[in-house]
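Colleague: Going down the list, the protein sequences come from chains A and B.
Our numbering applies: residue 28 is where the first sequence begins, and numbers increase by one.
Our numbering applies: residue 2 is where the second sequence begins, and numbers increase by one.
Since the hints were made in silico from the structure, they are not lab data.
Where hints are given, some of them may not hold.
Claimed, not checked - In silico EDC-like cross-links for lysine to aspartate or glutamate, where the CA-CA straight-line distance does not exceed 16 Å:
1. A/LYS43 to B/ASP123
2. B/LYS125 to B/GLU148
3. A/LYS76 to B/GLU79
4. B/LYS30 to A/GLU101
5. A/LYS47 to A/GLU94
6. B/LYS124 to B/GLU231
7. B/LYS80 to B/ASP157
8. B/LYS124 to B/GLU225
9. A/LYS129 to B/ASP59
10. B/LYS173 to B/GLU73
11. B/LYS125 to B/GLU225
12. B/LYS163 to B/ASP189
In case you want the letters, here they are:
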Amino acid sequence: MSHTQEPQVTVLPPDKEKIKKLWTVAGILGAITALEFLIAFTMPHGTLKTAIFVGMTIVKAAYIVGEFMHLKYEAKVLLWSILIPMVFIVWMLVAFVYEGMKFSEINF
Amino acid sequence: MAHTSATTVSPGRSVWDGGVSPMGASYGKLMMWFFLLSDAFTFSALLITYGLVRSAHDAYTGTVEAFTFSPEYWPIPEKVFEAVPFLHGIELPLVFVGIMTFILIMSSVTMVLAVEAGHRMDKKAVEKWMLWTLLGGITFLACQAWEWTHFIVGTDTPTLVKDFVNGAWVTKEVTGASLSINQYGPSDFAGFFFFITGFHGFHVFSGVMFNFLIYYNTFTGVYERRGHYEMVEKVGLYWHFVDLVWVFVFTFFYLV
Numbered sequence: 028m029s030h031t032q033e034p035q036v037t038v039l040p041p042d043k044e045k046i047k048k049l050w051t052v053a054g055i056l057g058a059i060t061a062l063e064f065l066i067a068f069t070m071p072h073g074t075l076k077t078a079i080f081v082g083m084t085i086v087k088a089a090y091i092v093g094e095f096m097h098l099k100y101e102a103k104v105l106l107w108s109i110l111i112p113m114v115f116i117v118w119m120l121v122a123f124v125y126e127g128m129k130f131s132e133i134n135f
Numbered sequence: 002m003a004h005t006s007a008t009t010v011s012p013g014r015s016v017w018d019g020g021v022s023p024m025g026a027s028y029g030k031l032m033m034w035f036f037l038l039s040d041a042f043t044f045s046a047l048l049i050t051y052g053l054v055r056s057a058h059d060a061y062t063g064t065v066e067a068f069t070f071s072p073e074y075w076p077i078p079e080k081v082f083e084a085v086p087f088l089h090g091i092e093l094p095l096v097f098v099g100i101m102t103f104i105l106i107m108s109s110v111t112m113v114l115a116v117e118a119g120h121r122m123d124k125k126a127v128e129k130w131m132l133w134t135l136l137g138g139i140t141f142l143a144c145q146a147w148e149w150t151h152f153i154v155g156t157d158t159p160t161l162v163k164d165f166v167n168g169a170w171v172t173k174e175v176t177g178a179s180l181s182i183n184q185y186g187p188s189d190f191a192g193f194f195f196f197i198t199g200f201h202g203f204h205v206f207s208g209v210m211f212n213f214l215i216y217y218n219t220f221t222g223v224y225e226r227r228g229h230y231e232m233v234e235k236v237g238l239y240w241h242f243v244d245l246v247w248v249f250v251f252t253f254f255y256l257v
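Please put together the full structure from these sequences, using the hints given.
Modeller: What follows is the structure, encoded as structure tokens:
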């Protein structure tokens with residue numbers, strides 16, 4: 028009986044297509060970040076600028092969660108059990124920022 | 002394994018009756034997902050509180066060129082974060098934080114390449130990509146250490162800030178920042194900087210520790226003997242989440 032027996036491991040060749048796709052996603056993330064920089068210095072501060080930034084951030088988040096974290100390809104029930112609770116965050120955001128704007132109207 | 006279809010049940014039985022994984026993922030991976038969901042709530046609470054306190058303060062209304070630091074209004078982030086190591090005195094707004102963002106995105110890519118290599122049982126490739134991921138994480142932490150140092154030490158010209166000392170208001174020159182007073186704007190501004198980037202930085206630090214563990218276990222052949230590299234995937238999820246949080250911190254703290 029040999030005690031140095033190593034398990035037989037078959038190494039598969041790299042999945043070229045999958046790797047290429049991952050780099051494409053990385054490229055998209057980089058491009059959006061670069062575009063954010065461009066907007067940061069060419070647009071005046073305001074609601075529109077904030078809205079554009081929030082939109083771009085959500086796009087980036089979707090790529091990271093969907094592709095890098097593989098959520099897009101998981102069972103749909105897993106996808107929704109992660110995404111639906113996000114509603115609470117959106118509500119928290121709306122409620123608190125609204126509250127904050129009310130604060131500024133009060134003269135302490 | 003995680004990628005097999007798990008919804009085959011005998012007729013008349015539900016997928017939730019037991020014996021199958023209705024979500025098609027292992028216990029460990031599911032729990033990582035739900036931990037990350039709870040962590041997302043924590044980070045959202047921090048960022049939303051930032052939004053609340055920021056909108057409760059007056060905003061700066063003048064032009065960007067004429068901006069000066071004052072505790073009277075919330076500062077424009079691009080005027081606060083404009084320093085880059087070795088380039089003292091040169092205004093490069095958001096450049097350094099942009100580099101940090103790029104580093105973290107790259108380390109996320111190398112992590113997902115390590116996961117891909119793990120699926121193929123390619124030990125050497127997992128080791129290689131884990132080392133790159135570690136390098137990215139450590140570089141990011143080093144950048145953050147510099148950023149914090151610069152924020153705490155401050156710029157060359159101090160700001161006049163009213164402070165309550167021994168029962169009386171005094172106006173004093175302030176450079177840099179602490180939790181109670183800072184030269185950039187209202188006291189809360191520095192508090193949020195320390196809390197939000199600090200909490201994220203601590204996550205990166207933990208991530209680097211986990212990544213090292215994964216690298217070590219790969220190197221010593223633990224996963225090869227186990228027959229799968231699912232641990233790389235689970236820690237990968239955590240690492241991508243850290244990158245994801247940074248995307249939000251970057252937008253809400255530095256850009257908006």
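Colleague: Starting from the hint list further up, note which numbers the structure goes against and sort them upward.
Modeller: 2
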